[in-house]
Amino acid sequence: KAGVTQTPRYLIKTRGQQVTLSCSPISGHRSVSWYQQTPGQGLQFLFEYFSETQRNKGNFPGRFSGRQFSNSRSEMNVSTLELGDSALYLCASSLGPTSAYEQYFGPGTRLTVT
Amino acid sequence: AQSVTQLGSHVSVSEGALVLLRCNYSSSVPPYLFWYVQYPNQGLQLLLKYTSAATLVKGINGFEAEFKKSETSFHLTKPSAHMSDAAEYFCAVRAETSGSRLTFGEGTQLTVNP
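Protein chains in written order, with the numbering used here: chain X, 1 to 114; chain R, 1001 to 1114.
These aren't lab readings, by the way, just hints derived from the structure by calculation. C-beta atoms are modelled at their ideal positions from N, C-alpha and C, and glycine is treated no differently. Among the hints, a few may not be true.
Unchecked claim - Residues on chain R that point at chain X, a partial pick, calculated with CB under 10 Å: (1) PHE1067; (2) SER1070; (3) THR1072; (4) SER1100; (5) GLY1105.
Said to hold, decoys possible - Cut-off 25 Å, straight-line C-alpha distance, at most; resulting in silico cross-link-like pairs (DMTMM-like, lysine to aspartate or glutamate): (6) X:LYS57 / R:GLU1064; (7) R:LYS1058 / X:GLU102; (8) R:LYS1069 / R:GLU1106; (9) R:LYS1049 / R:GLU1106; (10) R:LYS1049 / R:GLU1066; (11) R:LYS1069 / R:GLU1015; (12) R:LYS1049 / R:GLU1071; (13) R:LYS1049 / X:GLU102; (14) R:LYS1068 / X:GLU102; (15) X:LYS57 / X:GLU82; (16) X:LYS57 / X:GLU102; (17) R:LYS1058 / R:ASP1085; (18) R:LYS1069 / X:GLU102; (19) R:LYS1068 / R:GLU1088; (20) R:LYS1058 / R:GLU1015.
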């Protein structure tokens, strides 16, 4: 069974631009979560989607948004990029949104904002 | 609210020596606890998880962890370190009420010396 895939793997953007990252979960998994990883702040939860609905959201500004499609694939969007948005963005999928299910992580998208 | 503290951002051991990575948690409700490993330029891989079934949890690659409620700890151990164990390790907590959302510790970078 294929793992979680994220595209693109690397991305360079300029301040003020916007960016869209994509995540395809493991087949059969319906819950997708996003995390931001930076050297200074570590791993921080962005949001979680299940059945095309945002179920949980971390403490990030409104510039960070996401959505989930009917096939469970998810995208996250960051508008008006800032230098501090440079990070590794990780997507994780699980069978469902409850705490009983394990999360499987993708390789991440490395975003660099210049 | 739940939180995790990993004691020691860097741990260095010799090949063949015991690996001990420390994690203490804080949770207002019974937690689920996890250890993840991250190799350079990769996502997170689940090593093991505690879900209240047994206090001693065995994971992949010879790692195990013991849940000690009285000490609010979930330390990760491996009897004999291999060079391939060099990576960053993250302890994470999830409460039953928080859905899929994981709260991570700051991470511990493990170096294995020949």
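Tested hints:
| no. | hint | in the structure |
| --- | --- | --- |
| 1 | PHE1067 | violated, 16 Å |
| 2 | SER1070 | violated, 23 Å |
| 3 | THR1072 | violated, 18 Å |
| 4 | SER1100 | holds, 5 Å |
| 5 | GLY1105 | holds, 8 Å |
| 6 | X:LYS57 / R:GLU1064 | violated, 32 Å |
| 7 | R:LYS1058 / X:GLU102 | holds, 15 Å |
| 8 | R:LYS1069 / R:GLU1106 | holds, 21 Å |
| 9 | R:LYS1049 / R:GLU1106 | holds, 18 Å |
| 10 | R:LYS1049 / R:GLU1066 | holds, 10 Å |
| 11 | R:LYS1069 / R:GLU1015 | violated, 31 Å |
| 12 | R:LYS1049 / R:GLU1071 | holds, 18 Å |
| 13 | R:LYS1049 / X:GLU102 | holds, 9 Å |
| 14 | R:LYS1068 / X:GLU102 | holds, 21 Å |
| 15 | X:LYS57 / X:GLU82 | holds, 20 Å |
| 16 | X:LYS57 / X:GLU102 | holds, 19 Å |
| 17 | R:LYS1058 / R:ASP1085 | holds, 16 Å |
| 18 | R:LYS1069 / X:GLU102 | holds, 22 Å |
| 19 | R:LYS1068 / R:GLU1088 | holds, 23 Å |
| 20 | R:LYS1058 / R:GLU1015 | holds, 21 Å |
Hint compliance for this structure: hints 1, 2, 3, 6 and 11 are broken, all remaining hints hold.
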